[in-house]
Amino acid sequence: MYSEQVMDHFMNPRNVGEIENPDGVGEVGNARCGDIMKVFMKIENDIIVDVKFKTFGCGAAIATSSMSTELIKGKTVDEALRVTNKKVTEALGGLPPVKLHCSVLAEEAIKAAIEDYKNKQAEKQTADSI
Amino acid sequence: MYSEQVMDHFMNPRNVGEIENPDGVGEVGNARCGDIMKVFMKIENDIIVDVKFKTFGCGAAIATSSMSTELIKGKTVDEALRVTNKKVTEALGGLPPVKLHCSVLAEEAIKAAIEDYKNKQAEKQTADSI
Amino acid sequence: MGHSVYLDHASTTYTKPEVLKEMLPYFTDLYGNPSSVHRYGREARKALDQARERTAAALNADPNEIYFTGSGTEADNWAVKGTALANSKKGNHIITSSIEHHAVLYTCKYLERNGFEVTYLPVDEYGLVDPEQVRNAITDKTILVSVMAANNEIGTIQPIGEIGAIAREKGILFHTDAVQAVGSIPIDVKEMNIDLLSLSAHKFYGPKGAGALYMRKGVKSEQIMHGGAQERNRRAGTENLPAIVGLGKAIELAVTDIPQRNARLEALRNRLIDGILSTVENTRLNGHPIKRLAGNVNFSFEFIEGEALLLSLDIKGIAGSSGSACTSGSLDPSHVLLAIGLSHEIAHGSLRLTLGDRNTEEDIDYVLEVLPEVVQRLREMSPLFNQNKGGRTYV
Amino acid sequence: MGHSVYLDHASTTYTKPEVLKEMLPYFTDLYGNPSSVHRYGREARKALDQARERTAAALNADPNEIYFTGSGTEADNWAVKGTALANSKKGNHIITSSIEHHAVLYTCKYLERNGFEVTYLPVDEYGLVDPEQVRNAITDKTILVSVMAANNEIGTIQPIGEIGAIAREKGILFHTDAVQAVGSIPIDVKEMNIDLLSLSAHKFYGPKGAGALYMRKGVKSEQIMHGGAQERNRRAGTENLPAIVGLGKAIELAVTDIPQRNARLEALRNRLIDGILSTVENTRLNGHPIKRLAGNVNFSFEFIEGEALLLSLDIKGIAGSSGSACTSGSLDPSHVLLAIGLSHEIAHGSLRLTLGDRNTEEDIDYVLEVLPEVVQRLREMSPLFNQNKGGRTYV
Ligand SMILES: Cc1ncc(COP(=O)(O)O)c(C=O)c1O
Ligand SMILES: Cc1ncc(COP(=O)(O)O)c(C=O)c1O
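Read top to bottom, the protein sequences are chains A, B, C and D.
If you count by the numbering used here, then the first sequence holds residues 1 to 130, one letter each, in order.
If you count by the numbering used here, then the second sequence holds residues 1 to 130, one letter each, in order.
If you count by the numbering used here, then the third sequence holds residues 1 to 395, one letter each, in order.
If you count by the numbering used here, then the fourth sequence holds residues 1 to 395, one letter each, in order.
Just so you know, nobody snuck in bad clues.
Derived DEER-like restraints, expressed as beta-carbon distance ranges:
#: 1; chain 1: D; residue 1: Pro63; chain 2: B; residue 2: Thr76; range: 38 to 44 Å
#: 2; chain 1: B; residue 1: Glu20; chain 2: C; residue 2: Pro17; range: 58 to 64 Å
#: 3; chain 1: A; residue 1: Ile47; chain 2: D; residue 2: Leu277; range: 45 to 51 Å
#: 4; chain 1: C; residue 1: Asn233; chain 2: D; residue 2: Lys21; range: 33 to 39 Å
#: 5; chain 1: D; residue 1: Asp29; chain 2: B; residue 2: Glu4; range: 20 to 26 Å
With a straight-line cut-off of 30 Å between C-alpha atoms, the simulated DSS-like cross-links for lysine-lysine are:
#: 6; chain 1: B; residue 1: Lys87; chain 2: D; residue 2: Lys217
#: 7; chain 1: D; residue 1: Lys89; chain 2: C; residue 2: Lys89
#: 8; chain 1: D; residue 1: Lys90; chain 2: C; residue 2: Lys109
If you're looking for bench data, these hints aren't it; they were derived computationally from the structure.
Ideal placement from N, C-alpha and C gives every residue a C-beta, glycine not left out.
Full structure from sequences and hints, please.
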């Protein structure tokens, strides 16, 4: 069912955990639907210097969380926004069709975290400029 | 499907053939339905001294023809009329349910032959009495 | 008595040893349910996928156009009911032939009781459907044409390519019951414009209990087996994996070397046909002389009844079948034999001998030795037969 | 890694060697079609009759009340659709439970789309149907009550004897899906007033591809599989003889020594349940504590998702199943878990382990060694779980 890469990222997920005082946090999904992904980011000079996640969900959800955080680590925010669910899926050697929605979850969580970061930046600037 | 007795009477049917100048002949069934039985009788002093049959039909039809002619041979006409399809079937060790109608065919053929005999007797008597 | 000549392959075949061999692990070791997440399930899923690919390859279809069923009958029921119900808004008219297998015919009768109209096309004396009659029968209410690829009783092969082309041209679904055809006639669902096709493993040396329906992508059809999400949510029920694996292997073998196997079977078949025609009088070969399945022989013998003939042959170690009513407990002889114009009485005296891969010339010669005697013995018992005149006309 | 612990017997069982052994001759030697006149056919017919007798004996039914099908699903479809359609003049109302298998539930949904009305009775927190609610749901339009004998997910055993008595008293047909119950609960169709009963061989160490419907003499039902005259003209299709022979043997074994086998299974089951309860926090046993199948264990683990749990166990060589939506590709978790009152989020974290005759104490101990670690690992990854507080409430 799952590729070797998926199983590897499921069993040995990269970047699991939380970041204290993150610069951006995103949480998408809900428990009712069976998957939640929460992403924490440390961002310096627009570069994602650290990223961690916590995921409640199936094997595909955990593996895509792991892979997508790997793919954006060290990237600029703009580069990270271009990491689509398609790229994550490809990097995992594909996903069963019924599991493709899990890769969307990861994409959305990352976007939400970056959005959160940008909002915070905007707030800071507003605060600074006052 | 068929009992040993049925198979025996099918493979080695008793009384197959015709009788020249029979005292009674009965034919029932029709080719359209897949079975015809024709019975020939030689009757002396109300006793069936000889009986022969020809049958177009399935294994059960042939076996019941054989068995029923055996059962009436040497019997009086009245005794023969009491040989029901049930008795023939029993003597054959039973028949599959879908084949029970074959045993009726034999009973009817015998009745028809006896009827024919009686009609001929009646005609003779009428002829005699004229 | 040593003889044992099985000539009833159209009824069912043995499972070939190499087919059974592939099936066996799925009973005791790889027994998982293909829907399960765990390794047993994944092993099972892999086997299921492989069987689907093999089946698709045999028909030039796509694997996800193949749906496994429990039998050819289920595939036929599904093909006809499923498309009828799903397309009833478009129309309520179905065209089929009068010599279909009961799995199609009685499904059509069922639909007739439920508001559909069915045209049962006649066939000619050889059992052939005329494609032009299909065309002419089409109305703006027609939603399905179902004509079998080859007939199970008389072996006649239908011009399904031509019928498929007409149906496609008119935008009407075309189903073919290929239960007897698979392995005997090369089938290409694309080239032949087939939208739905039924098959059954035990007719081509696979196991009983597995059939398949090919359904072209995009065909609108209702489910008839409700429940679990198996077969991409279109046919519920835990897959009969050992049998499906067997189907996959068997169909792969069946479509390999069709010309060679047919050449061998046809030689045996023709030897049998010629032998019967030259040794038994008052007989009639049923079905088409050339457009017939390589293994099919079907004769009517006048003045005698088919079941009695079968029993007599059976005692001699020859297994055949008959369209006689008496073999089925029904009242009428085979609808196929009546449809090609035989009278009831002649139809009752029919014998079908269907050859298979294990049959030999010796088998044929043995039949040719036994059959004339057997027919003669029964004729001598028959009130319809007059030894001197060679028979009387039926009443 | 040496461990291989199969705990998914409710999904499907292996075929017992002694069952397979009885089946094997019917593939390659005794391969005749039971409808055939010749000796191959007669041998097949004899085997078919024997399987029918064994099945009847297992249920205290009459052999001619047993109809073989291709699966438990087909038996369920037939039972529900067949009686509904045949009795639609009497009424159009069906009563069932909300925790039936989809083979019954989706058949009911299909009937709802076709003019029938269906009452889906609720169950209590243990999954029990209340017989009094059955009684109260009966109207003068009610034609069928269908309540399963035991649930496939949570193992709850229903009071089918009581429900049967009520249905009989009211003159309404009673069907029970006993697919999970056969071999686990003694069944007597007469004593329990059962009119129709479905079973499936691969759930009791028989082969896949064979099911049966018990239909009491005199029950009015329509055919759903049209075609040949098999099964006394009520279910068409060449019989899957090897599998039917296997069903016969398997059911004979299954109903022998139920108390002894159950005692062994229950000891293992309780060891597993107690072990999980004492080593893993924030868990919930689903189903009835006592009125449950001897081999069924079903837990919900908070904060984690079932498929991830299954995968993790699978890697450790443990095969289980889950009511999580993610195992089936559907959107909602098991309707059964929702019906007993679990929230969606808890239902997603469910694990079913179903024991079989080959499982040992070592298997159980191994699971108890592995499971707590696995649960812990997943919880640590979960945003819903707070290591210190032991979890947060769901959003
Ligand atoms: C032409 C044809 N269609 C359908 C069937 C039904 O197949 P099965 O009996 O395997 O369900 C058969 C064989 O019996 C057949 O010969
Ligand atoms: C309670 C119940 N009913 C019906 C079925 C359907 O049986 P099958 O998959 O063998 O058709 C199952 C098993 O899947 C079941 O557990």
